[in-house]
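Asks: Below are the chains, spelled out letter by letter.
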Amino acid sequence: MSLLNPEQDVQRLSRGARYRRMAARNPLLIAGGVVLVLIVLLTTFAPWISPADPTALDLTNRLQAPNADNWFGTDVLGRDIFSQVLHGGRLSLIVGFMAVFIAMLIGIPIGLVAGYFGGRVDAIMMRVSDVFLAFPPLLLPIAITAALGAGLLNTMLAIGISWFPWYARIVRASVISVKSELYVTAARAMGVSHTKVMLRHALPNASTPVMVQGSMDFGYTILAAASLSFIGLGARPPAIEWGLMVASSRALFLDYWWTAAFPGLAIFITVLAVNLFGDGLRDALDPKFRGRV
Amino acid sequence: MTEILPVLEVSNLSVTFDTAEGAATAIEDISLTVAPGEVLGLVGESGSGKSLTAAACLGMLPGNARASGSVAMSGEEYMASDKNSLSGFRGRAAMVFQNPMVALHPLMTIGRQMADIIQANSDVNRKDALTRAQTEIENVRLPDAHEQLDKFPHQFSGGQLQRIMIAIALTLDPDLLIADEPTTALDVTVQADILNLIRDLQQRKNLAVLFITHDLGIVSELCDRVVVVRYGQVVETGTVRDVFAEPQSDYTHALLDAVPALGDGGVAANDREEPILEVRGLTKRYGDFEAVRDISFSARRGTCVGLVGESGSGKSTVAMSLLRLNDPVGGAAFFEGDDILAMSERAFHPLRNRIGVVFQNPYSSLNPRMRVRDIISEPLETHTDIRGAELAAEVEKNIKRVGLDVEHLSRFPTDFSGGQRQRIAIARALAPAPDLLILDEPTAALDVSVQAQVLDLLEELQRDLSLTYLFITHDLAVVERLASDVIVMYRGGIMEQGPVADVFANPKTQYTRKLLASVPKLIRQPA
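For the protein sequence lines, the chains are A and B, in the order given. Start counting the first sequence at -4; every next residue gets the next number (my numbering). Start counting the second sequence at 482; every next residue gets the next number (my numbering).
Keep in mind that the hints were calculated from the coordinates and are not lab data. Incorrect hints may have been included.
[Stated by the list, open to error] Lysine to any residue pairs mimicking SDA-like chemistry, simulated, CA-CA at most 20 Å apart: (1) K632/B <-> D654/B; (2) K191/A <-> Q579/B; (3) K989/B <-> V669/B; (4) K174/A <-> T895/B.
Using the sequences provided together with the hints, build the complete structure.
Replies: Set out below in structure tokens:
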């Protein structure tokens, strides 16, 4: 490599090279990402992969311990737990993803407007969203689902609504710091409208922490959705969902451990992978490494 | 006869960094010596490796750096790469850094910080350490030294803090003082005081000084010998008088030519044209603080008006008011006869493309997530209906006008150097064909050779497009080069205004005189 020359064009790495460097510095990101992709693939293609129909009853074969035919054993109705875990992941992942999406959909605009305009607008918007933070974490989703009625759509809405203030706060904080950058002042001096300044200048430069938070929250929302299903407020039979599977084995798992262990393990591995991925993403996008990654 | 050993002798010092792409050489084969009682200037532009050389001398290289070569103090050899053997070295060489605002612990009093350093380096009790600290504070000419010891860093100004940093460096009784751009963050009048202090201490204590700077004027005034570095290599070395009078390398020559010197003669005043901008009694308050007080001036079409002042003088506040980015409490500003301060935002909007702005810091003034093409077309999209091929042609015209290529348009700002970024910012300001351009310290963040290029460009553009400039700067030499009229601001008010030639030749106020006298003079004639 040549000597440092500040006035020569900064060398541009190809996109591929940049990603390879990012990967080499972040084993966690890669480990979490690979597991996550694997889980998504397995659950997406569950109907083609799973060895049996997850709803097929086989009462002669009920509560079998894991064996060559039924890798994860069978449940009280003789259904194959391996196939159920594969299928159950679909709902868990969709609910988790949609809940984060809804939280962002509500939180980002609030944080953007509050952070950009500041003053009274900021005070009012942030105090309102603070109200949602005053509830214990799982209590608000429970209350909302109780009010709206149990069901998957309501679960997503409930989790999303109780999660949005975090996004509002994160976006607000980073918009406030971006606002002091001269390109925002320059855009205002040119007469670019507030809406355009917010969407074109403020939001893209404030989005990094949101991406990190979103990837980490994906794990928590999966957990929250499973928890709601577990207490009977989320997915309802005959839907297959990890939380629901753990719930229905409540009376059995002391004698038949596999009925609860495998769906539980699936939740555990997914949440762990998501968190590793989120941690890695945060490190990779850390401003200290900006421009070097 | 015994040979006098140099205080610092650096031979064949190289530093490489381990990076993801392999080893990157940052400095290569640098050799220099500092004799007892000598002031050596180490000069270079940003990225030349001058600060890294100092860091290597003190064993303060970052973890992924590897050094080779030798560093010796008074004949005693210290391997630059061996951090442990350098701890003894450090007491004999002390360093003063660029930004004194961040070099002190904000929650500890000055006295406590100084006493801790003194006690860490010698076997004295607390009381003696504090007495010693007070002596050093007196040495750097801060009044009421015993009271200063009980103050916290935030209670001092930048110049006072830099004095304290020098006092701290001197508590170690060093043979060598390494000063890394110690006045770059300070105003020019404060800089003059600090340079005086360093010269005085150096002579009184017969200190050897390694003075790192990008400012050739300072070198000319302060240093005995000079080492010019570029891209991590020594370009030229010799006595300041010889090198400045007859530089041997092309680079040094170009560097010296690029320095705008005071006294080159200003731009002729132009009183034929009508004023395009007329400001009357502009006043802006933040709470009880009067940032700008009763400012009145006018700018004739096609001329450049220099607005000069030190930090906190309110010069940028004036710019913000004229751009309607803050709300002045009083006064009027007539742009082509209409008071822009009295207009509604809606009425002012069409004028926004006639008043352009270029800011100081090109690293912050361009959105890092937008391509250059989008950055330059944004003002056009805001104010005109041209789109598609016509818009693309306009954008290309503007990028070529500032000396960049069309192929640069699809890149992001992070791919460019500071000078190139400032060109992009100028292209953006020019795109809507403004009449008035407000330039807020457009060259302050740039190296001197790049600054010269940007000033050339601005001069050329003004001529070709008959633009009017309001040029805000702290650099009097830059004003002299571009402006026909000058306004000197101090603490929110106008100290003096008039044609550049008159004000600079016969300053009427003491402040202007002091300001002019503080500018380091670059002397290039052999004596």
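Asks: Confirm or reject each hint.
Replies: To see whether the hints hold, each was checked on the structure:
Taking the CA atoms of K632/B and D654/B, the gap is about 24 Å. The hint is violated against a cut of 20 Å. In summary, the hint linking K191/A to Q579/B is not supported, as the alpha carbons are separated by about 39 Å, beyond the 20 Å threshold. For the suggested pair K989/B and V669/B, the alpha carbons sit about 19 Å apart, so the restraint of at most 20 Å is met. This hinted pair checks out: K174/A and T895/B have alpha carbons roughly 19 Å apart, not beyond 20 Å.
The structure shown violates the earlier hints numbered 1 and 2.
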